[in-house]
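Read top to bottom, the protein sequences are chains A and B.
In this note's numbering, each residue's number is its place in the first sequence (first place is 1) plus 249.
In this note's numbering, each residue's number is its place in the second sequence (first place is 1) plus 249.
Be careful, since some hints might not be right.
Because identical chains cannot be distinguished in the list, a pair is counted as satisfied if it fits within a single copy or across any two copies.
Distance condition first, Cα-Cα at most 20 Å in a straight line; then the derived EDC-like pairs of lysine to aspartate or glutamate [unchecked claim]:
(1) 711 <-> 699
(2) 549 <-> 480
(3) 525 <-> 613
(4) 497 <-> 367
(5) 497 <-> 574
(6) 276 <-> 527
(7) 528 <-> 493
Simulated from the structure, these hints should not be mistaken for laboratory data.
2 protein chains.
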Amino acid sequence: MNAPIPTHVLPTFERRPVPAVMLAALKKRFGDRCSTAMAVREQHGRDESPFEVPPPEVVVFCECTQDVAEVVTLAAEHAVPVIPFGVGSSLEGHLLAVQGGVSIDLGRMARIVSVQPEDLTVTVQAGVTREQLNREIRDTGLFFPIDPGANATLGGMSATRASGTNAVRYGTMRENVLALTVVTASGEVIHTGTRAKKSSAGYDLTRLFVGSEGTLGVMTEITLRLYPQPEAVMAAVCSFPSIEAAVKTTIQVIQMGVPIARCELLDTNAVRAVNKHDKLTLREGPMLLMEFHGTPASVKEQVATVEDIAREQGGMAFEWASTPEERTRLWTARHHAYFAGMQMRPGCRTVTTDTCVPISHLAECLLATVAEVEASGLPYYIVGHVGDGNFHVAYLIDPTIPQERETAEQLNLQLVQRALSLDGTCTGEHGIGLHKQGFLVDETGEGAVEMMRTVKRALDPKNIMNPGKIFSM
Amino acid sequence: MNAPIPTHVLPTFERRPVPAVMLAALKKRFGDRCSTAMAVREQHGRDESPFEVPPPEVVVFCECTQDVAEVVTLAAEHAVPVIPFGVGSSLEGHLLAVQGGVSIDLGRMARIVSVQPEDLTVTVQAGVTREQLNREIRDTGLFFPIDPGANATLGGMSATRASGTNAVRYGTMRENVLALTVVTASGEVIHTGTRAKKSSAGYDLTRLFVGSEGTLGVMTEITLRLYPQPEAVMAAVCSFPSIEAAVKTTIQVIQMGVPIARCELLDTNAVRAVNKHDKLTLREGPMLLMEFHGTPASVKEQVATVEDIAREQGGMAFEWASTPEERTRLWTARHHAYFAGMQMRPGCRTVTTDTCVPISHLAECLLATVAEVEASGLPYYIVGHVGDGNFHVAYLIDPTIPQERETAEQLNLQLVQRALSLDGTCTGEHGIGLHKQGFLVDETGEGAVEMMRTVKRALDPKNIMNPGKIFSM
C-alpha cells in the first residue's frame with residue numbers, strides 16, 4: 250500500500266511563474282476580466298479540500314470558448330499552468346494552483362446553448378450549475394438527474410465524473426455526457442461526439458475527458474442527456490434498528506432490480522446533525538432516505554416491494570413526503586448534511602472519504618469501518634449513496650490538533666485498503682485530485698497509472714493542464 | 250465531405266513480414282496452437298465485410314492472458330502487426346490483416362472466470378460469446394442484455410462498442426463494461442477498473458479501450474454488468490400503414506419515457522425476407538417488433554401506453570408472443586434478417602449502413618433515405634434499432650456488377666451526409682474499421698481525429714495493434 254499524501258503535508262511543487270509579457274497580453278486582451286487582485290486570486294485558490302497552497306497568479310474570467318482558447322494558447326506558448334474553475338466545490342484540491350499559473354474562471358459561461366426537448370438533450374456552457382439547468386428547463390417537462398449535493402457546475406461535475414443521490418437509477422456523468430467542446434492543451438478547439446444516443450465512431454474522447462480533472466483540456470460546452478420528469482414521485486424516510494439492517498435492506502432492493510431513484514443512508518450522527526440544522530424531528534437512528542420515480546402504478550409497486558423488505562429488516566414504518574414541498578425540505582436537509590455536520594463541532598474541518606464497493610460487500614465494508622471509527626474517538630458522521638455501494642465518512646477534526654488529522658488519515662487508509670480488498674474503488678465520485686494519488690496506484694496498479702501518464706504526456710506535452718493532479722509526472 | 254474508401258478499392262498497405270526468428274519462437278512456444286496452414290489463415294483473414302485482402306501470415310490460438318502477452322511481446326520486439334480475432338462477425342473489415350502479421354485467435358478463451366450474482370457482475374474471458382454467457386448464467390436469474398444479433402464474442406463486442414436490440418433500455422457495451430484486463434502494445438498486462446458500480450479514479454481507461462477496435466491493446470478479460478431477468482416479458486409485432494407511422498410511434502414512445510426493452514423496425518422488404526426464411530406469416534408492411542420487460546403490472550402499463558400511441562398512427566392490432574417459445578421464434582427471425590435478406594438475391598453480397606441520429610430526426614433521415622434508395626433501383630431492405638435512432642440499410646449487390654457497388658457507396662455517402670447534418674453519427678454500433686475512415690473525419694473533425702492518433706502513437710508507438718483500422722497513421 251502506498252501511503253496517501255497526508256492532508257497536512259503536501260509535496261513540494263515547483264511554481265511556474267507567469268512571465269510579464271504573458272500577463273501583459275492577458276490584460277490587453279481581457280481588460281478587467283483579467284485580475285491579479287489578491288482577494289480574487291485567493292477566492293480561486295481554494296476549494297472544499299483541507300489543503301492550503303498559494304493562490305494562482307492571475308484569474309481570467311472567460312465568457313466563451315474562444316476566450317478559453319486564447320488563454321490556453323498563451324499559456325502553452327509560455328508553458329504556464331492553467332486551472333479551470335467553476336464554483337470551487339471540489340473536495341480533493343482540484344482547484345489549487347500547486348504550480349501557480351492562471352485560474353480560468355468559467356462562471357460567466359452560464360448559458361444554456363440549446364435544448365432539444367424532443368431528443369431529451371441539452372447543450373450547456375461549462376459554467377452552468379445543475380440547479381440553474383433544472384430551473385431553466387423545467388417548462389420542457391424534462392430534468393437532469395445528476396445531483397452531487399453541492400450546486401456544482403456541469404463543467405466541474407464532468408471533470409470529476411460526479412454522481413450523487415440519483416445515480417443509482419440514472420447513472421453518473423459518465424453515462425450522461427453525450428458530447429463535449431474542449432480546448433486542448435495547445436489551445437485548439439475540438440468537438441467530441443454528436444447528439445446521437447450511441448456511436449462507435451473511433452476512440453471515446455468524451456469519456457476520456459469526463460473524469461480527467463482538468464488535466465487534459467478545458468471542457469467549455471457539454472451536451473447532456475435529459476429525462477422526462479416522472480409522472481409520480483414519492484419520497485420516504487425509514488428508520489432502522491441498526492446500520493446493518495438499513496444496508497441489508499438496500500442490498501436486497503438493488504438485487505431485486507427495483508428501479509429506486511434515490512437510496513441514501515444517514516447514520517445516527519448525520520440524522521442528529523440534520524435535525525438540529527434543519528429543525529426536523531426525524532427519529533435519531535440509522536435511516537434510509539428514498540425516492541421512487543415512475544407512473545403512479547409503478548411507484549406504488551416499488552414502494553410495496555421496498556416496504557416488505559424493510560419490514561423484514563426491522564425498519565420502522567415509512568414516513569412519506571409526497572408533496573413537492575415536503576420532498577424539497579427532506580432533500581434540502583440531506584444536502585445540508587455537510588454543513589450541518591460541521592456545526593456539530595464549531596471550528597472543525599471536514600475530512601471526507603469516498604470509497605465505493607460492490608453492493609454485496611457494502612455491509613462488511615461499512616460495519617468494519619464504523620467499528621474502527623468508533624474506537625478512534627474522532628467525531629464523525631456517515632452519509633452514503635448506498636444503492637451504488639458508495640458512502641462517505643466525514644471526520645470532524647480540530648485543525649489545531651495535528652493528531653486528529655493523522656488519526657483521520659490513518660482511518661481513511663484502512664478504509665481504502667478494505668474497499669480495495671473487496672474489489673472496490675478509493676473514490677466513487679470525488680476524484681483523485683491531490684489526496685488520493687497513492688491510492689490510485691494501489692487500486693489500478695503502476696502499469697495502468699503509467700498508461701494514464703503516457704496519455705497525459707501525449708496530449709499535454711508541456712504539462713500545463715492542471716498539473717500535479719491525479720498523478721505526478 | 251471526405252469520400253469513403255469504396256468497398257472495391259482498398260488503399261495500399263505495406264505488408265510487414267513476420268521474421269523467421271519470430272515464427273520459430275511462436276512455433277516453439279505454442280506448438281500446434283501456432284498455425285501457418287492456408288485454410289486456417291484464410292479463415293482468420295476475412296469477416297462479414299465485403300473486402301478481400303491477403304490473410305495473416307500466422308494464427309496463434311491463445312488460451313490465457315499470458316499467452317496473449319507472450320505473442321504481443323514477440324510482435325513488439327519485431328514490429329509485427331497483431332489482430333485479435335473472436336468469431337469473425339465484424340461488418341467493417343476489423344479482422345483483415347491489411348499489413349499482414351499475426352492473428353490472435355481468442356476463441357479458446359471461452360471461460361466464465363467468475364460470476365457474482367449478488368453484485369450483478371460477471372467476469373469472462375474475451376472469447377466467450379453472448380449466447381454462451383446467457384446460457385451459462387441462466388440459473389442465477391440474471392442475464393446480459395446486449396444483443397447485436399450475431400453471436401459475437403464479448404471481446405469483439407467490446408472492441409466495436411456494440412449494442413443492438415436491447416440497447417434502448419439497457420445501454421451499449423459503453424455502459425455495461427465495468428473493467429478490463431488488457432495486454433498493452435508492449436506486452437504488459439494491465440487492469441482497468443474494479444467491480445465498483447462507479448468510480449472517479451483517474452482516466453477512464455475502460456472506455457478508452459471499449460470501441461478501440463483492437464488498435465490500442467488486446468482485451469483478454471471483461472467484467473460486465475448483469476441484470477435481473479425481468480419478472481414479466483411480453484413481445485409484440487405491430488404493422489403500420491407506412492414507415493413514417495412506425496417511426497412516429499417510436500419517437501413518441503421514447504419521448505414519453507416508456508422503458509421499452511426493444512423497439513425494432515423492419516421495412517416491408519425485411520418482413521418479406523423474414524417470412525420466407527423463417528416460414529412466418531407476418532403482414533407484409535412496415536413493422537415494429539417490440540419487447541417489454543418489468544413486473545406484470547408495469548409491462549401491462551407500458552403496453553397500454555404503446556398501443557394507444559400506435560393506434561393513433563394507424564398501427565394494426567398488436568400480435569402477441571407471450572410464451573418464451575413464441576418470443577424466441579420472433580427474435581430468431583429478426584436475427585436471421587441478415588441471412589434472410591441475402592436469400593432474396595442469391596449470390597449477392599450485403600453492404601450495410603449504420604447511421605444513428607437524434608430521435609427527433611429519425612423520420613426525416615429515414616424517409617429521405619428510402620426515397621433515394623427506391624429511386625436507385627438497388628435491391629435493399631431496412632432494419633433498425635429505431636428506439637435509439639439507429640437503422641441499417643442493407644443493399645443486396647451483385648458482386649459481378651461494379652456499378653451496383655458504386656451506387657451503394659454513393660447512397661451510403663448521401664445517407665451519412667444527411668445523418669451528420671442532423672447531428673448524428675456515421676456508425677451507431679458497427680465501428681469505423683476500414684470503411685468509414687473518411688466519415689470519421691467528417692463527423693468529428695480533423696482535430697479530434699488527430700487527438701485519437703496522438704493517443705494511438707503514445708500507446709502503440711510501433712503501430713502493431715491492428716494497424717490500418719479507424720485511421721491511417
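Homomeric proximity label, residue 497 with residue 574: Cα distance no greater than 20 Å: Classified as neither; 30 Å inside a copy, 37 Å across copies.
Homo-oligomer pair classification [residue 527, residue 276; C-alpha up to 20 Å]: Answer is neither: 45 Å inside a copy and 73 Å across each miss the 20 Å cutoff.
Identical-chain pair category, residue 525 with residue 613, by Cα at 20 Å: neither (30 Å within a copy, 57 Å between copies)
Within, between, both or neither: residue 497, residue 367 at alpha-carbon 20 Å: Answer is between: at 12 Å across copies they meet the 20 Å cutoff, but 40 Å inside does not.
Within, between, both or neither, where residue 711 and residue 699 count as close if Cα-Cα is 20 Å or less: Both ways: residue 711 and residue 699 sit 17 Å apart in one copy and 18 Å across, limit 20 Å.
Same-copy or cross-copy closeness of residue 528 to residue 493 [CA-CA at most 20 Å]: For residue 528 and residue 493, the Cα distance exceeds 20 Å both inside one copy (27 Å) and across copies (56 Å).
Alpha-carbon proximity context of residue 549 and residue 480, limit 20 Å: both (12 Å within a copy, 17 Å between copies)
The structure shown violates the earlier hints numbered 3, 5, 6, 7.
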